[in-house]
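Visitor: Residue numbers (our numbering), protein chains in the order written: chain A, 1 to 409; chain B, 1 to 131; chain C, 1 to 119.
Please keep in mind that the hints were generated in silico from the structure rather than gathered at the bench. Careful, some of the hints might be misleading.
Ranges of calculated distance between the beta carbons of each label pair, as one might list FRET restraints [what the hints assert, rightly or not]:
id	chain 1	residue 1	chain 2	residue 2	range
1	B	GLU104	A	LEU85	42 to 50 Å
2	B	GLY125	C	PRO110	50 to 58 Å
3	B	GLY23	A	LYS215	13 to 21 Å
4	C	GLU87	B	ALA129	54 to 62 Å
5	C	ARG79	B	GLY23	51 to 59 Å
6	B	PRO124	A	ALA222	47 to 55 Å
Sample of chain A residues with no beta-carbon within 12 Å of chain C, all distances over it, derived [unchecked claim]:
id	residue
7	LEU75
8	ALA110
9	VAL152
10	LEU219
11	VAL340
12	LYS341
13	ASP369
14	ILE399
Built from N, CA and C at the ideal position, the CB exists for glycine as well.
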Amino acid sequence: MKKMLQVTLCILTAIGGFVDIGDLVANGETGARFKLGLAWAVIVGVVGIIVYAEMAGRVAAVSGRPVFSLVRERLGPGFGLANLLASSFINFLTLTAEIAGVAIALSMAASVSYIVMVPLAAVVIWVVIWRLPFERMEQLFGLLGLALLAFVVALVKLGPDWGHLFSQAAHPAVPKEETPFTYAYFAIALFGAAMTPYEVFFFSSGAVEEHWTVKDLALNRANVYIGFPLGAFLSLSIMALTTLVFAPRSISVDALPQVALPVAFAAGKVALACLIVGIFAATFGAALETALSTGYCIGQYLGWEWGKHVRPREASRFYLVVTVAVLLGALAVMTGVDPVKVTEYSIVLSAAALPLTYFPILVVSNDRDYMGDKTNGPVLNFLATVYLVIIVLVAVATIPLMIITKGGA
Amino acid sequence: MSAGRTLWAGLRLLDRQLVDRNGRMAGCVDDLELATTEDGQHLYVSAILSGPGALAQRLRRRRYGSWMRGVHALVSPGEGDPTRIAFNLVSDIGDHITVAADHEELGSASAERWVRDHVIAHIPGSGHAPE
Amino acid sequence: MRLSELMHAHVIDPDCNDLGSVDDVRLVQDGPVLQPFGAAFRVDGLVLGRRAIGTRLGYYRGDVVGPWLLRALFRRLQRRAKYVPWEAVQTWDGDVVRIATRGNQLGLPPEPAGAGERP
């Protein structure tokens with residue numbers, strides 16, 4: 001049982017990439033508008049994050065260096081700063097959205113406006129970061145997040161024609177009501193969500209927080225091979241659910257509570273309650289991931305002592321950054337801004353952050369000086385290079401597509 | 001570790017993490033100070049520069065760098081040049097640079113101390129061990 | 001004087017050609033003794049080249065062995081790099097380094113010995 005718990009680092013990491021508030025809504029919307037025609041984008045994305053997170057985890061285990069240290073070291077302080085600014089904005093915008101998500105999940109249970117829940121959500125998030133040890137935090141929210149399996153239960157209960165679903169996924173096509181541009185935009189958004197930089201920032205920093213060493217390389221692999229596919233599986237289940245329930249009725253998804261409707265419809269009150277717990281855990285976990293990543297990026301770029309593995313007194317600047325981020329995020333949510341729109345804007349910044357994050361990881365995992373004999377093999381290198389090319393193409397195409405499609409409207 | 005090594009400054013020294021004798025993070029190598037040899041013919045690396053303003057100088061934002069040093073002088077008067085770590089103190093050069101000193105003695109510690117004493121220490125539980 | 005000032009400087013040859021900016025600096029550990037560290041790192045020479053993002057990555061001067069495509073790419077770029085031994089430097093004044101050797105007479109940077117360079 002203890003062994004199984006050790007993969008919770010990656011489950012928590014995967015939550016941020018596949019089932020946080022932005023992903024829950026995006027997957028729901030994709031299923032409603034494109035049915036399963038974009039399932040391949042999630043699959044391409046999950047393979048990419050598995051490849052790169054394994055490398056980032058391996059570098060952290062062997063050398064003790066987390067990703068953002070490598071970014072500054074290999075790209076220099078100039079490009080490193082560009083990445084820092086882009087990533088900090090992504091981290092902060094996403095944190096804001098996740099705080100809103102936690103408040104929304106709480107309001108779904110308590111039937112009050114979610115704005116009222118924001119201060120409570122922010123305080124609890126902060127207290128967890130301040131006091132709960134990293135391993136406990138990762139285990140608690142990683143496991144609670146599994147309550148999202150209620151989506152899968154609902155899907156099975158609908159008794160769909162699995163063959164039909166699979167063939168839809170295997171033969172992607174642009175639906176009549178959509179244009180190739182919106183199709184491409186959603187594909188890029190799904191891929192970008194699966195490979196969001198804060199996942200590797202969090203995963204590699206988490207590996208250092210957990211004091212992984214060369215002996216933990218198998219654990220590193222177990223984490224990525226279990227955590228991310230689980231996330232992708234949940235993503236695809238949501239997509240399939242809205243394909244079956246919303247698409248035929250031409251209902252579109254733009255808010256978090258709507259994603260819960262198919263579960264209530266197909267599997268009843270108990271499943272819905274379970275789902276709300278899952279949504280709470282997932283948005284809370286993603287809030288932890290992005291709040292800590294804000295601190296990790298800035299602290300690692302500037303060479304500060306960082307992390308939850310030391311006393312707050314010993315990493316004061318790190319904790320100050322994280323605290324201010326949570327505080328400002330909560331204030332931003334209370335202005336009433338639409339949290340889903342906020343995550344969409346952060347996609348633009350991913351265009352810059354993605355190549356500047358993944359390129360250094362690829363280079364350092366091939367550096368004998370860092371890795372000794374644990375450098376990448378040729379097959380992994382080939383796959384990683386292919387993905388780097390994809391990442392650059394995605395980065396280049398993001399902003400034009402966003403403009404052409406007016407944000408996927 | 002005494003003589004004969006060859007290395008490229010940008011690759012092996014600049015932007016590397018500094019670690020103190022106890023394994024604590026102590027900033028990054030933001031820049032290197034060069035001095036002239038006695039015969040005036042050669043330059044050698046005399047110190048590591050790390051901390052308030054040194055990075056700004058490197059990114060060619062001189063005014064911001066001077067401003068940061070001014071702030072630091074206000075906050076911790078009498079500390080001299082906070083960014084200079086004499087190269088004598090370097091004890092190892094690997095994927096990070098180890099310095100034979102306590103991080104508290106280094107310039108960048110003053111910002112950390114300030115935040116600790118004025119913000120973090122006031123929040124209950126700041127001394128609580130992580131596990 | 002700071003290394004960053006040297007690395008932002010442009011190198012001018014006797015014919016007043018601007019050979020580009022300093023990309024990296026080669027250090028050899030045979031300078032004055034700094035106790036307890038040992039001999040200081042003396043500036044041995046300057047590498048000129050386009051300020052490409054790949055130069056800090058370690059493909060040419062370090063131990064990065066893959067992936068094949070990137071390694072081939074960066075090695076190719078390195079063929080255009082030029083090396084100025086410190087003896088050829090006449091003056092360094094702010095942003096400008098004047099050297100005694102003509103640009104087209106400069107050689108390639110010394111081959112790095114990789115991990116073997118360390119005792």
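Visitor: All the hints need checking, so say for each whether the structure fits it.
Guide: A quick look at each hint next to the structure:
At roughly 30 Å, the beta carbons of GLU104 of chain B and LEU85 of chain A sit outside the given window of 42 to 50 Å. Here the CB-CB span from GLY125 of chain B to PRO110 of chain C is close to 55 Å, well matched to the stated 50 to 58 Å. Our hint of 13 to 21 Å for GLY23 of chain B and LYS215 of chain A holds, since their Cβ atoms are close to 19 Å apart. The supplied range of 54 to 62 Å is met by GLU87 of chain C and ALA129 of chain B, whose beta-carbon atoms lie about 57 Å from each other.
Range check, ARG79 of chain C to GLY23 of chain B: about 41 Å between beta-carbon atoms, so the 51 to 59 Å window is missed. About 38 Å separates the C-beta atoms of PRO124 of chain B and ALA222 of chain A, a value inconsistent with the hinted range of 47 to 55 Å. For LEU75 of chain A, the shortest C-beta to C-beta distance to chain C comes to about 7 Å, within the 12 Å cut-off, and the non-interface label is violated. The beta carbon of ALA110 of chain A is kept farther than 12 Å from every beta carbon of chain C, the shortest such distance being approximately 51 Å.
Look at VAL152 of chain A: its CB is around 37 Å from the nearest CB on chain C, clear of 12 Å, so calling it non-interface holds up. With a closest Cβ-Cβ approach of about 24 Å to chain C, LEU219 of chain A is found to remain outside the 12 Å limit, as its non-interface label requires. With a closest Cβ-Cβ approach of about 35 Å to chain C, VAL340 of chain A is found to remain outside the 12 Å limit, as its non-interface label requires. Distance check for LYS341 of chain A against chain C: the nearest CB is about 34 Å away, which clears 12 Å, and the non-interface claim stands.
Not every Cβ of chain C is farther than 12 Å from the Cβ of ASP369 of chain A; the closest lies at roughly 4 Å, contradicting the non-interface assignment. No beta-carbon of chain C is positioned within 12 Å of the beta-carbon of ILE399 of chain A; the least distance is around 21 Å.
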